[in-house]
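**Q** Sequence:
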Amino acid sequence: MVRHIVSWNFRPEVSEETKKEVLKQLQEEFPKLVDTIPGLTKMEPAMPPLSSSTADAAIYAELTDEEALEVYRTHPDHVAIAQIVRTYLHERHCVNISI
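For the numbering used here, count along the sequence shown from 1 and bump the result up by 221.
Some clues are possibly wrong.
Listed next, the in silico DMTMM-like pairs over lysine to aspartate or glutamate satisfying Cα-Cα at most 25 angstroms (straight line) [to be verified]:
hint	residue 1	residue 2
1	Lys-245	Glu-283
2	Lys-263	Glu-250
3	Lys-245	Glu-234
4	Lys-241	Glu-312
5	Lys-240	Glu-312
6	Lys-263	Glu-291
7	Lys-253	Glu-234
Across the chosen pairs, the derived CB separations fall in these ranges [unchecked claim]:
hint	residue 1	residue 2	range
8	Glu-288	Thr-239	19 to 25 angstroms
9	Arg-294	Gln-248	17 to 23 angstroms
10	Cys-315	Glu-242	23 to 29 angstroms
11	Ser-236	Glu-288	24 to 30 angstroms
12	Ser-319	Arg-232	28 to 34 angstroms
13	Thr-239	Ser-319	32 to 38 angstroms
14	Arg-294	Ser-273	18 to 24 angstroms
Hints are computed from structural coordinates only; laboratory data are not their basis. All C-beta atoms in this analysis are idealised placements derived from N, C-alpha and C, irrespective of residue type, glycine included.
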């Protein structure tokens with residue numbers, strides 16, 4: 222199994238209203254990937270995080286193996302969500318753990 226953890230911060234120019242809209246959209250869209258991407262077994266958006274956090278948004282995902290991680294990375298449904306993320310968020314941090 223692979224655990225995939227990613228966090229981001231909003232770009233400075235993003236308004237508070239847009240931040241709320243983007244977080245809501247990502248909260249709705251990320252979990253849908255479990256039903257469409259082979260090998261993706263769990264997807265938990267952490268949005269919005271607690272005020273003690275140093276990131277504005279994060280996801281936690283579990284995949285069956287490293288091959289599934291590559292499928293996830295290049296899958297069109299994930300790529301579409303990644304485009305939303307890139308538009309509004311930056312400072313991406315990622316950890317992939319094989320357990």
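**Q** All hints are to be evaluated individually against the structure, with a verdict given for each.
**A** Structure-based check of all given hints:
For the proposed pair Lys-245 and Glu-283, the alpha carbon gap of about 21 angstroms is at most 25 angstroms, so the pair holds. Of the supplied pair hints, the one linking Lys-263 and Glu-250 holds, its CA atoms being roughly 13 angstroms apart against a limit of 25 angstroms. Distance restraint check for Lys-245 and Glu-234: the Cα-Cα separation of roughly 18 angstroms lies within the 25 angstroms cut-off, and the hinted pair is therefore satisfied. Annotation: proposed proximity of Lys-241 to Glu-312 holds, straight-line Cα distance about 18 angstroms (limit 25 angstroms).
The suggested pairing of Lys-240 with Glu-312 holds, with an alpha-carbon distance near 15 angstroms, which does not exceed 25 angstroms. Taking the CA atoms of Lys-263 and Glu-291, the gap is near 15 angstroms; set against the 25 angstroms cutoff, the hint holds. Between Lys-253 and Glu-234, the direct Cα distance comes to roughly 28 angstroms. Violation of the 25 angstroms bound is thereby established for this hinted pair. Checked against the hint of 19 to 25 angstroms, the C-beta distance between Glu-288 and Thr-239 comes to roughly 36 angstroms, which is inconsistent with it.
A hinted range of 17 to 23 angstroms for the beta carbons of Arg-294 and Gln-248 is consistent with their spacing of about 21 angstroms. Evaluation of the 23 to 29 angstroms hint for Cys-315 and Glu-242 yields a pass: the beta carbon distance comes to about 24 angstroms. Distance hint check for Ser-236 and Glu-288: the Cβ-Cβ separation is about 40 angstroms, which falls outside the suggested range of 24 to 30 angstroms. A C-beta distance of roughly 32 angstroms is found between Ser-319 and Arg-232, which places it inside the suggested range of 28 to 34 angstroms.
Between Thr-239 and Ser-319, the C-beta spacing of about 36 angstroms keeps the proposed range 32 to 38 angstroms intact. Against the hinted window of 18 to 24 angstroms, the Cβ-Cβ separation of Arg-294 and Ser-273 comes to about 30 angstroms, which falls outside the hint.
Checked against the numbered hints above, the structure violates hints 7, 8, 11 and 14; every other hint is satisfied.
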